[in-house]
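Asks: Using the sequences plus the hints, can you model the full thing?
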Amino acid sequence: MTLAQADALERELRHDVMALVRSLAEAAGSSGRWVHYGATSADITDTALALELKESVAILREDLRELALALVALARKHRATPEIGRTHGQHAVPISFGYKMASAAAEIARHHRRLEELAPRLLVGKMAGAVGTGAGFGAHAPEVEAGVMRRLGIGVAEAPTQIVGRDRIAEFANFMALVAASTERLATEVRNLQRTEIGEVMEAFDESKQVGSSTMAQKRNPMLSENVASLARLVRAFQLPALENMIQWHERDLANSANERIALPHSIVLTDDILRKMVEVFRTLRVDTDRMAEHLKRSQGNAMTENLMLALTARGMARADAHERLRTLTRGAAHGAGLADRAAADPTIATLLTPAEIAELLDPEAYVRAAAAKTDRVIDRIESELHR
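Counting from 6, one number per residue, gives the positions in the sequence shown under the working numbering.
Everything labelled a hint here was simulated from the structure, so no lab data went into it.
The beta-carbon is built from N, C-alpha and C at its ideal position, and this holds for glycine as well.
Among the clues, some could well be false.
[Stated by the list, open to error] For each label pair, taking beta carbons as the anchor points, the in silico distance ranges come out as:
1) E362 - E67: 43 to 53 Å
2) I64 - A33: 33 to 43 Å
3) A325 - D278: 51 to 61 Å
Replies: In structure tokens:
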């Protein structure tokens, strides 16, 4: 038989599986009577879908692994690189850029783990007939079904109806939506840190040829990260039809079929594309450590008030009093003398801490030592997990 023959027959019958069955039966001669024996169309299509999903899962698993390791490499390189942490869009306390990357790597590694956990639930097929009972195969139905799936290298769907339960597909769609949300979060971080007024990181840019704008020659836009943010929203939108497709009339209807043929493959292809683009972004990311240091210096010590407050509390000052005293001191630190000088000149603080101790407490590099140590622990665990 040829696909052209089956295609011509499908246009006549208006049923894809039946066209294939007839074509195979004719080509099989006297053995043709056994083609599709005891089976229903969904036995073929849902099992074939599981084989396609098996390949897709392998691709996405490797994508996630590569992204996590790209983030781990950045985390290791910048484990102790001080950067101002930001909460509510405002300067908070120092963080190391490496720790920021380690946190992102841990999130992506969790998705890698999720995919491994859901794969056995997703990669299942059926050979159980019109309503899933296997009645057409007689007493040996369980052995027939198990044997087919074993040869195909996938699991057996437990207690299916005419179709494999769409909760499995919905879970996979939800997983891809989670990945899309995480990658958009990372892309948004790159976009924000690449703002002209921040400028701490920048996507790789070919200065010799690449153009950022048709009219503004100076532009260096975070193009890949913006592209990821756009596509991630579409992947999350495809989650909704997957959930709706769980709802079937009785043993099945056809309400899931048309949208599933669009939403599922598009979700997979887009998720793969998003992950590959994020790998490129982080493998080639330009990190401006001088700019990070400049922003920390600009705070004149204000970003380390927490450290100073805890030290004062440890030396006997009430925490609330230490907080209020430092709140008052930081009001002027941004416009005149730095916090170190103001704190050293404060009579009460001076009785508890020496100028040298204050300077150490307000040193960003000293502040991020804990972040560097935690980064090491996180990335060691991630590498161990991903290299298993």
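Asks: Each hint: holds or not?
Replies: We went through each hint and held it up to the structure:
1. With their beta carbons about 50 Å apart, E362 and E67 fall inside the hinted range of 43 to 53 Å.
2. Taking the beta carbon of each, I64 and A33 are about 34 Å apart, inside 33 to 43 Å as hinted.
3. For the pair A325 and D278, the beta carbons lie near 52 Å from each other, so the given range of 51 to 61 Å is met.
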